[in-house]
Every structure is written in C-alpha cells, then in structure tokens.
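Chemist: Just so you know, the sequences run in chain order A and B. Each step along the first sequence adds one to the number in this note's numbering, with nothing skipped, and position 94 is 94. Every number in this note's numbering is 1000 more than the matching position in the second sequence, counting from 1.
What the hints contain is simulated information worked out from the structure, not anything from laboratory work. Accuracy of the hints is not assured; some may be wrong.
Covered stretches of chain B (in silico footprint by chain A; criterion: 3 or more residues with CB under 8 Å from a CB of chain A, positions within the stretch not fixed) [as the list claims (entries may be wrong)]:
1. 1061 to 1074
2. 1104 to 1112
3. 1135 to 1141
4. 1192 to 1203
The list that follows gives simulated cross-link-like pairs (lysine to any residue, SDA-like), each with its CA atoms no further than 25 Å apart [what the hints assert, rightly or not]:
5. B:Lys1218 with A:Lys61
6. A:Lys263 with B:Gly1186
7. A:Lys289 with B:Glu1244
8. A:Lys289 with B:Met1257
9. A:Lys191 with B:Met1139
10. A:Lys263 with B:Arg1168
11. A:Lys61 with A:Lys180
12. B:Lys1218 with B:Glu1205
13. B:Lys1150 with A:Lys289
14. B:Lys1263 with A:Ala167
15. B:Lys1165 with A:Gly142
16. A:Lys263 with A:Lys61
17. A:Lys84 with B:Lys1026
18. B:Lys1157 with A:Ile189
19. B:Lys1026 with A:Lys263
20. A:Lys84 with A:Gln49
21. A:Lys289 with B:Pro1017
22. A:Lys324 with B:Ala1249
23. A:Lys191 with B:Lys1112
24. B:Lys1157 with A:Met101
25. B:Lys1157 with A:Leu70
26. B:Lys1227 with A:Glu129
27. A:Lys324 with B:Lys1150
28. B:Lys1227 with A:Gln49
29. B:Lys1263 with A:Glu166
30. B:Lys1192 with B:Ile1087
31. A:Lys296 with B:Phe1020
32. B:Lys1227 with A:Ser33
Keep in mind that this is a model prediction, so the values were computed, not measured. Every residue, glycine too, gets a C-beta built ideally from N, C-alpha and C.
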Amino acid sequence: MASGVLIFGEFADGAIAGVTGELLGVGRKLADSLGEELTAAFIGDGIAQDASGAFPMGADKVYVVDDPSLRLYQSESYADVAEKVLKQVDPNIVVMGTSTMGRDLAPKLACRLETGLAMDCLELSAVPETKGLIANRPVFGGKAMAEVDCGSVRPSMATVRLKSQEALDPDSSRSGEVVKVDAGLDPSIAKSIIVDSVQVEVEGVRLEDARIVIGGGRGIGSIENWGKLEELAGIMSGAVGSTRGACDEGYCELDTQLGITSKTVAPELYMAVGISGASQHMSGVAFSKFIIAINKDAEAPIFRHSLYGVVGRWEDILPAFQAKVQELVSE
Amino acid sequence: MKFLVFVKQIPDPDIPPAQFRIDTEKNTVAPPQGSSPAVSTYDELAVEAALRLRDDVGGEVTVVSLNNNPVMNVIKKPLAMGSDNLILLQDDAFEGGDAMTTARVLAAAAKKIEFDLILCGRQAGDWDNGQVGSYVAEMLGVPIVINSGKLEVNGDKIRVERTTKDGRDIIESPFPTIITAGDEIGVARYPKLRDIMAAGRKQPEVWNAQDLGLDPSKVGDAGALTKVNRLYLEEKSSQVEMIEADTPAEAGEQLAMKLRDLKVI
Chain A
1 MASGVLIFGE FADGAIAGVT GELLGVGRKL ADSLGEELTA AFIGDGIAQD ASGAFPMGAD
61 KVYVVDDPSL RLYQSESYAD VAEKVLKQVD PNIVVMGTST MGRDLAPKLA CRLETGLAMD
121 CLELSAVPET KGLIANRPVF GGKAMAEVDC GSVRPSMATV RLKSQEALDP DSSRSGEVVK
181 VDAGLDPSIA KSIIVDSVQV EVEGVRLEDA RIVIGGGRGI GSIENWGKLE ELAGIMSGAV
241 GSTRGACDEG YCELDTQLGI TSKTVAPELY MAVGISGASQ HMSGVAFSKF IIAINKDAEA
301 PIFRHSLYGV VGRWEDILPA FQAKVQELVS E
Chain B
1001 MKFLVFVKQI PDPDIPPAQF RIDTEKNTVA PPQGSSPAVS TYDELAVEAA LRLRDDVGGE
1061 VTVVSLNNNP VMNVIKKPLA MGSDNLILLQ DDAFEGGDAM TTARVLAAAA KKIEFDLILC
1121 GRQAGDWDNG QVGSYVAEML GVPIVINSGK LEVNGDKIRV ERTTKDGRDI IESPFPTIIT
1181 AGDEIGVARY PKLRDIMAAG RKQPEVWNAQ DLGLDPSKVG DAGALTKVNR LYLEEKSSQV
1241 EMIEADTPAE AGEQLAMKLR DLKVI
C-alpha cells in the first residue's frame, strides 16, 4: 500500500542544491501531517557520497541512482529511472521543484502514472483522511490563485515554485538508511540529447544568488540608462533583473528576465525602478523580503507590493540615492 | 515537412489586474465588457516558430485547437499569420476537462494526422500548467524538448537552443518530436490585412470525440484527474509608506536611509 512522501532532490556544482532544502521543508510538513515517512531521491553521477546530506534537512530515507550516464539531465533516461524509484518507494505524494528538471520530468511521470499533477505551486497541504494533495498555485499569469485537488489516484504529484518554500534548520543528529538503486539503463532510449552546453560567465553577483536585486523595466528607456542600474547594483553588491518589456526593448539580456515563466528570485531587497508591477513580473519576485519601488505613476500596481515607494522620475531620484548608499556602505 | 501546432483560445491576457474578476460559481474569469479572447501568447510563438521552419525547409503547417466556443477571428489568427490548415476539436464531452483530458484529445487528433514536428506553447496563459505538451509526447511515445528558443532543422533531427541558468544548451531531438515554445522564440509576426481577409474565408475542419475514436469517459469532466476547488484573488495588503520630500534628490537620500534602517545595506 502506498505510504509516505517522496521528493526528488537536485545537485548543482557537485553539492546538494538549494531547491532540495525547500523540497525537504515542504515534504517534512506533508509527511508529518500524514504521519508517514519522507524519502528524498537523487539522480545523477558521483552523488552517492553527498546524498546523505538530506537527513539533517528532514529526510527519513534516501534513494540514490548514481550512474555516469546520468551526469547531465536527459529527459527519457531520467524519466525511466525516476519511475523505477517511484515504484519502489510507492508514495502517496511526490514533490519536485519547478526547475529545468521538474518542468520536464514531473509531467512525464504524471502521464505514465495517469495521476493528477499541479505545477508551480506556492502552497501544498495533505489531506490525512484520503492521503490526497491540495495545491495552491498562481494562474492567469499571476492575477489569480487556484486551489487544486490533485485527485484520487496515488501518488498525487506537484512541483513547487523555486524559492517559495522554507528549508528546515539542519539537525545534524538526524540520520537514516541510504538505498542505492541500479540505473540499469538501455542507452538507446535517450532521444533528445544535449549536444553542447555553453556557459556564459557572469560578471559580479549571480542574479539567483544576489542578496539585493535591482529590477528595471521599460521605463529605463535605453541601454545607456541600463548601465546606470548595473553601476548601482555594483555598489550594492547586487544584481540587475528585468521585465519582459525591458527585454523586448533590447535594454538587457533575456536571461535577466524575472517573472512567472522566467526566473524567480527571493532576495532580501528587491528594488523596482520604472516597473509598473504587472502580475507576470511580480510572480517572479513575490518572495523578496523587502520590496521598494520608484515609479512616476502614483497609481502603479508596484506600490501595492512595496514597503517603501517614491513617486517621481527615476532619473531624478537615483543619483542622490546612489550617492547616499555609497556613503553608507563605505562607512 | 508536416508541422502540427496546438493552440488554445484564452480570456484576454491583458485584462488589467484592477479589472480582473472571477466567476466564483464556475471558477472561471469573468472578462470585463468589451474584452476579447486571444490566442495564448506562447501558442502564438509556437505558430511563429512553425512558420519560420516551414519557410526554411518547406512543408505544411496545420493548427489544431480544442475549442467548443471559438471566436472565429481569434482562432483564425494562426491562419492569417500564414498557417495552411485549421482543425477544431469540438464536442460537448470535452467540457470541464483538465490538462490530461486535453492531451488525450490532442494526442488522438495527432494520430489521425501525419506529422514530423508538433509545436505548442510552453504553457497556456490561463491555467499556466505547462503539462499538455509533455503529456502528448508520452501518449504518442515521442521525445520532447520544452521551453525552446531558436530552432533549426538539422537532417533527421531538430536542433533546439535553450537558455539555462548560466548559459545555454543545444539539444537535438529526432523526428517525429514535440517542441514547446518559450520566450526565446522572439516575437510573433503580425498578420497583414489581406491575409486576415483570406483567413476569414477559410473554413476550419471540425472533428468530434467519435471522429477521434475517444472514449467519452476519458475526456472532459468525466476523465479529469484534477479539480479546481476554488479560483480566487489574493488579498494584497497595501501597507506602502510613500516617501514624501521637497525634492527628488531628498527622496532618494531618504530611501537610502530606510534601507540602512532595514539593515539591508
């Protein structure tokens, strides 16, 4: 009989990735409300040693599929291996991150199991009586929320938006059993294959890791002006993010775009400059600790999301702001 | 080459948040007066990507839409953009479905049509699920590449560029395959007036559940695995403190001081 909660953790640059802590945090909450076990599964190459790092973060049991052929994410291979783990664990609930892996893997698995899946959720709760899953997720580009019942087939599945869940405080006294699963893959099943991977060197702080993010919108007006945001970000040890509008105008690179279908950040400070605050964009910054905004339109929706706001032309406000920040940080 | 594009008609995605209302009984959007539905943005990008490939290597673009209430000038936009055929999938039995039942209908339609490449948006602008493309791929047993950017036919494979968190991947997938279109496709073309007129005269083909050999218990409300219990608007507690100062420069300085108070800088 199905039992427990299974999360699919991830590794990045040879270490357990941040999303794993979030998944274990929400997974622990779900498992406790069902009174059942939380299992973390990892798929990759050379990860067996470090996978036990999931125990202090909340896992009761760890499954590892460690195989050289799984070094990079490959759609068909990962789906086969994940399905194998899933059948062994036989959980009531499966949770992944809405990451490059989760976006591809979760629907493939849900289809194979013919079960209900809710994508990109902000909140999950388990129903102890039915062992079912209720998910709250943004819809209509973030303008509304939907509460979704993932149905009666087990396991129920969900992916959670990156940076939307809280990790637990690590408890180093926790430990458990690590189960190794043989990949046993037929290499010929791999069809869509990464033939080349280009790394682009990022100057300064990476957007996803930045403690301070300055967001610029269409209102920035030119590539030259965009440079001013980058200069300010440099002083604040932060990074610059953008809206779809700013990308469309060509002020910045597409990989800086924040929003429901692009990147999600959760910095301590999100400073929105010349950004109206469209739902699509706000979905990507909603978990920032503090949001402040400069906008010439006093009615701009961005102010409803902000702790502090200044109405005015950013060109008039930013120089003095920057000078004061410079003074404060060099004290 | 034969290209199939799945498109969805959705409520106007540009309804301003202040006018966005919900019909709580039907759990759907109550669009404001005068707003018109639209082809979901990413599906439009999928049409654009298909047209570029067709212009490059030749072939035919067929657009397929599960749509019981088509607004003709909306759903014919892909034709006006340059697609060759339009097939509408209509049946009362399709009402009230979810991503899985939608995929079952689309997969059944794809089985009736010869194709080398299926394209659709990475997610629809109403429910933002991002599931249908992957479900259809599994149902048809073909590979999929999601969130694609630039596409290129490379012999018996499609070559896909996809942005990653620190660069980009080049992915190759053998035909027949499915691609879902992401932002990096770029901008969809605007149809010319003459082409809009020509599209208006074209009659879409219409297929129902029986034409597709679908079991009514597997589609629509009857076949859905998930259920939307509640659609709601989040309450935004507006507690913003507006900084008032005599000059913009003073406001800027005060804002910086607030960040020091918050210990952010």
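Chemist: Which numbered hints are broken by the structure, listed smallest first?
Modeler: 1, 2, 4, 5, 13, 16, 17, 19, 27, 28
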